[in-house]
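K.L.:
Chain by chain, the residues run as shown.
Number of protein chains: 2
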Amino acid sequence: MIYPQSLVRLIDELGRLPGVGPKSAQRLAFHLLRSDRAAVDRLAAALVDARARIASCAECGFFAEGEGGVCALCRDPRRDRGLMCVVEDPKDVAALEATHEYRGLYHVLGRALSPIDGVGPEALGLDRLARRLEGGEVREVILATDPDVEGEATAMFLSHWLSGRGVRVTRIARGLPMGGDLDYADALTLVRALEGRQEMREGGVSG
Amino acid sequence: MIYPQSLVRLIDELGRLPGVGPKSAQRLAFHLLRSDRAAVDRLAAALVDARARIASCAECGFFAEGEGGVCALCRDPRRDRGLMCVVEDPKDVAALEATHEYRGLYHVLGRALSPIDGVGPEALGLDRLARRLEGGEVREVILATDPDVEGEATAMFLSHWLSGRGVRVTRIARGLPMGGDLDYADALTLVRALEGRQEMREGGVSG
Chain S
416 MIYPQSLVRL IDELGRLPGV GPKSAQRLAF HLLRSDRAAV DRLAAALVDA RARIASCAEC
476 GFFAEGEGGV CALCRDPRRD RGLMCVVEDP KDVAALEATH EYRGLYHVLG RALSPIDGVG
536 PEALGLDRLA RRLEGGEVRE VILATDPDVE GEATAMFLSH WLSGRGVRVT RIARGLPMGG
596 DLDYADALTL VRALEGRQEM REGGVSG
Chain P
416 MIYPQSLVRL IDELGRLPGV GPKSAQRLAF HLLRSDRAAV DRLAAALVDA RARIASCAEC
476 GFFAEGEGGV CALCRDPRRD RGLMCVVEDP KDVAALEATH EYRGLYHVLG RALSPIDGVG
536 PEALGLDRLA RRLEGGEVRE VILATDPDVE GEATAMFLSH WLSGRGVRVT RIARGLPMGG
596 DLDYADALTL VRALEGRQEM REGGVSG
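Just so you know, the sequences run in chain order S and P. Counting the first sequence from 1 gives a position; our numbering is that position plus 415. Counting the second sequence from 1 gives a position; our numbering is that position plus 415.
Chain S on its own, in the form it takes in the complex (with noise of 0.2 Å):
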């Protein structure tokens, strides 16, 4: 190998990131090597620091400081602790967090069902998502898995378990992506468009 030991070690490094492959960490590499000595400083403790701080919400499974401690959605006064989401993973509340349209909590299970790769129900902590609904405060369960065969699994499984426990189970909409093409969407979108119909008042649609 041409390059120094160290910078072999750092391609190596960078080139383990999703996403980033044999060239693109070359390039970050090479970058890095041009930076600010303290940039790269910064970075380093950035990546130490989040990484030993960083723990799961232990109410919703989101993202907290600390081990035990508690999200900043979770502990917001203002959101309305009667609408509970869930959803599969922390992105999925960083999405719907940027619509600014949701108001309630979430509930994070970190996984789908996926019997193939031999995750079953009891890998979803579902003994935390009862604790949560105890308290009778939580009216609606909004089952935000991915609309794929481990979420549309998730959903159905959570729907059964969920039945019976005083709260109203709804699953999110699938249809036609806005500003999309109806005859570039597959056909199990366009199923599901159909199945979910609703129908159109003057200004608007009923829900």
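There could be a bad hint or two in this list.
Note: identical chains are not told apart, hence a pair may lie in one copy or across any two.
Calculated cross-link-like contacts (lysine to any residue; reagent style SDA-like; alpha-carbon spacing at most 25 Å) [claimed, not checked]:
| hint | residue 1 | residue 2 |
| --- | --- | --- |
| 1 | Lys438 | Arg457 |
| 2 | Lys438 | Arg554 |
| 3 | Lys506 | Pro592 |
| 4 | Lys438 | Asp464 |
| 5 | Lys438 | His515 |
| 6 | Lys506 | Pro433 |
| 7 | Lys506 | Arg546 |
| 8 | Lys506 | His446 |
| 9 | Lys506 | Gly484 |
| 10 | Lys506 | Phe572 |
The set of hints was computed from the structure by calculation and includes no laboratory data.
Given the structure of chain S, go ahead and fit chain P onto it with the hints provided.
P.N.:
Frame of chain S, contents of chain P only:
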């Protein structure tokens, strides 16, 4: 912001990397938080370590370990010391090495001439190049700066600067990229491809 402070900081630092937008920075951060803590520590150490150790090769300007150190290429006794390829950037050395065809030395300028950005000949560090040519060992200097405005201007300037120094001065060929379509090539590339045309010989092309 809904994220804990240390996560915001990590996303922010990752987003400063070239080619990493806010969305990818978040994706990388989420991945790192889920990674093994030892793996994150290793990445951080590799960053600090490489930035602290790697310097420019005292001979050619490529990457070397330690201030005043000499790179693996310059140290390699099997390289042809009569050939010197002048490039703008360490990345270019890596690209040429990946061909496994070139066995001479390199000279990394670190930049190209760019009067618009106030980069004049004095920024090219030509003293260093002059010193390397003094021994008289170098027979040929191959100008391999980029085939863009700055790179062409730099090659032009260097060919003047090198005349009378007793070395053959050549420029890498500009022409149609292999595997491409002639009718997709831009006009300037076609002009260069025509200008640089070579006599066909049976079984190949003359030099």
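K.L.:
Each hint: holds or not?
P.N.:
Outcome of the hint check:
1. Taking CA atoms no more than 25 Å apart as the test, lysine 438 paired with arginine 457 passes in both settings, with 24 Å inside one copy and 20 Å between copies.
2. Taking CA atoms no more than 25 Å apart as the test, lysine 438 paired with arginine 554 passes in neither setting, with 51 Å inside one copy and 33 Å between copies.
3. Taking identical chains as interchangeable, the C-alpha atoms of lysine 506 and proline 592 lie at most 25 Å apart only when both belong to the same chain, with a minimum of 19 Å there against 42 Å between chains.
4. In the homo-oligomer, the alpha carbons of lysine 438 and aspartate 464 lie at most 25 Å apart only across protomers (21 Å), although the nearest pairing inside one protomer, at 28 Å, exceeds that limit.
5. Taking identical chains as interchangeable, the C-alpha atoms of lysine 438 and histidine 515 lie at most 25 Å apart only when they sit on different chains, with a minimum of 17 Å there against 37 Å within one chain.
6. Taking identical chains as interchangeable, the C-alpha atoms of lysine 506 and proline 433 lie at most 25 Å apart whether they share a chain (15 Å) or sit on different chains (22 Å).
7. When the C-alpha separation of lysine 506 and arginine 546 is checked against a cutoff of 25 Å, the pair qualifies only within one copy, where the shortest distance is 23 Å, while the shortest distance between copies is 56 Å.
8. For the identical chains of this complex, lysine 506 and histidine 446 are inter-copy neighbours only, at 10 Å across copies versus 28 Å inside a copy, given an alpha-carbon limit of 25 Å.
9. Proximity of lysine 506 and glycine 484 under a CA criterion of 25 Å is satisfied intra-copy only: 19 Å inside one chain copy versus 45 Å between copies.
10. Proximity of lysine 506 and phenylalanine 572 under a CA criterion of 25 Å is satisfied intra-copy only: 22 Å inside one chain copy versus 53 Å between copies.
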